[in-house]
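**Q** For this one, chain A is given, so just place chain B on it according to the hints.
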Amino acid sequence: MNALEVSGLTVRYGPVVAVDGLSLVAPSHSMVALLGANGAGKTSTLRAISALERGRSGTLRLYGEDVTRLKAHELVARGLVHVPERRRVFSTMTVRENLELGGYRYYRQSSELRRQFEATLDLFPRLRERLTQTAGMLSGGEQQMLAIGRALMSKPKVLMLDEPSLGLGPQIIQTIYKTLQAISAQGTTVLLVEQNAHLALRVASHVYVLRAGHLVAEGPPSEFSQEATLAQAYLGSDET
Amino acid sequence: MAFLTGQIVAGLLVGAFYAMIALGYSMVYGIMRLINFAHGDLYMVGAFLGFSLFGIAGASSGNSMLMSAGIMVLVMCLVGLLGVAIERVAYRPLRRAPLLSVMITALGMSLILENGVLVTPGWGSLYLVFPASLSSRSLTLLGYQLTLGQLELAIIAVVLMAALYLFVQTTMTGKAMRAIAIDKDASALMGINVDVVIAITFFMGAALAGIAGVLGGMYYGQINYLMGFDLGLKAFTAAVLGGIGNIPGAVLGGFLLGVLESIGGGYLGSEWASVFSFSILILLLVVRPTGILGEKLGARM
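Top line first, the protein sequences correspond to chains A and B.
Numbered according to my numbering, the first sequence spans residues 1 to 240.
Numbered according to my numbering, the second sequence spans residues 1001 to 1301.
Calculated from the structure, these hints are not laboratory results.
The reader is advised that the hints may include incorrect statements.
[Said to hold, decoys possible] A few chain B residues that don't get close to chain A, going by computed Cβ distances all over 10 Å: (1) Ala1186; (2) Asn1193; (3) Leu1268.
[To be verified] In silico DSS-like pairs for lysine-lysine, Cα to Cα no more than 30 Å straight-line: (4) Lys155/A with Lys178/A; (5) Lys155/A with Lys71/A; (6) Lys1184/B with Lys71/A; (7) Lys71/A with Lys157/A; (8) Lys157/A with Lys178/A; (9) Lys1184/B with Lys155/A; (10) Lys1184/B with Lys157/A.
Just so you know, even glycine gets a beta-carbon here, dropped at the ideal spot from N, CA and C.
Excised from the complex, chain A in its bound form:
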């Protein structure tokens, strides 16, 4: 069964077409990566799936159900959760408040909220030490943990992450990717957007490559690592 199914997604900003007729599927329990150079339309794709972009067309299915017309907050209630680019934590609010907001859909069920809160802190013990600090005071890596933890608070079925490695050191990237694999192993479907192709190729079960708004390649990661030159061409220069 496909957890997420996007077909014919087009995103326009006025006369500019940022994404042109993109179709992709994320089978249930898979980890799918969407790769491409800067400006290829990866972020626009995720924002359009989350119903944050107005100039979009195409259809979106979640576990077979057509959810194209749902609003952003309704998609979260259906289990589609998006960790936005550059983390976007609520910087003047505390870590605890950020997590609570992540669990907004459960705010009438305090026991559920508490359970998710503990589970999230078990996954990111560093956050437990920082609960009363404002999110803006955290390091980049901790902010990324908070952004992911905040998303996990709503118990996502499908988790979309936009460049979780952006601006982080290699060690913290390792930690975050290990956690992502753990989240995936627990049965959450993951759609990962990355500019850093090496990272994504290592963890993904299926890869889509986007260039200038068009899908230019797809397949299992092994196809791409063997054809290094092809990857080079589609992914841009090696930045790791």
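**A** What follows is chain B alone, placed relative to chain A:
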């Protein structure tokens, strides 16, 4: 010294009105980066609704506390709903529009409210005598003589403002308001229904202006369809003084403006009160453009 204390107490009372209105300006600005110029007029509408309700209830005969409280709550609800309606009709369609369009719309909404009240039968253009007043029984507090009504006014204002602050700080809806003020898209990604939370914000700001209108009618004794303009301007000044978008800032700015105006007016003559307070505002903005408690001014203003 007694003169100064008197001026300060009088200033704090006027400041309570400024603070209650300033809160609405500040909350709406914080969440939408919109200066709601119609906000002062909601105070005026609250006063007129109170005028009619007290009239219907026959306030002049039995001015019971329970009835006054009931009327205030009713006015809060009605003006709150008016605020929600204004947001829905005038501001929501313009949420992605340029700032100038929204500001012109807010000015238009202000004119609609003022002239709507002007042409309403029974309200009209003259100064109307408010049918209810605050208790004038005098009492002595900390050596200063004031009326029971003034004390009631201060208590109602402080309780409401404290309740609002607690709501925004501790409830989930309050946290959602603060989150939306920081980042609307990220808030939607948390599963927050942004439209509903913005509507609640308008309701609360408008309700506070509405009850301030009833209290204003009772305190000053007369009402007029333009009464919201002057007070709105002062409250806006107070919000900027304290740091717009910031709730404690709006309260601080309101009280500070009331006291400064009262002291300035007391020593220079009351016709100089506004000159004095606006001069303070200009001076403060030169030194600290974000207001006293303000952090960062939004790029849009």
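**Q** The structure should be examined with respect to each hint, and the outcome stated for every one.
**A** Hint check results:
1. With a least beta-carbon separation of about 4 Å from chain A, alanine 1186/B fails to lie farther than 10 Å from that chain, contradicting its non-interface assignment.
2. The Cβ of asparagine 1193/B sits about 5 Å from the closest Cβ of chain A, inside the 10 Å cut-off, so the non-interface label is violated.
3. With a minimum CB-CB distance of about 40 Å to chain A, leucine 1268/B clears the 10 Å threshold, and the non-interface call stands.
4. With a C-alpha separation of about 19 Å, the suggested pairing of lysine 155/A with lysine 178/A holds against the 30 Å cut-off.
5. A distance of roughly 18 Å separates the Cα atoms of lysine 155/A and lysine 71/A; the hinted pair therefore holds under the 30 Å criterion.
6. Only pairs whose Cα atoms come within 30 Å are accepted, and lysine 1184/B paired with lysine 71/A is accepted, the gap being roughly 13 Å.
7. The straight-line distance between the Cα atoms of lysine 71/A and lysine 157/A is roughly 17 Å, inside the 30 Å bound, and the hint therefore holds.
8. Using a Cα cut-off of 30 Å, the hinted pair lysine 157/A and lysine 178/A holds, with the two alpha carbons roughly 19 Å apart.
9. Under the criterion of a C-alpha separation no larger than 30 Å, the hint pairing lysine 1184/B with lysine 155/A is consistent with the structure, at around 21 Å.
10. A distance of roughly 23 Å separates the Cα atoms of lysine 1184/B and lysine 157/A; the hinted pair therefore holds under the 30 Å criterion.
Violated hints, in rising order: 1 and 2; the structure is consistent with all others.
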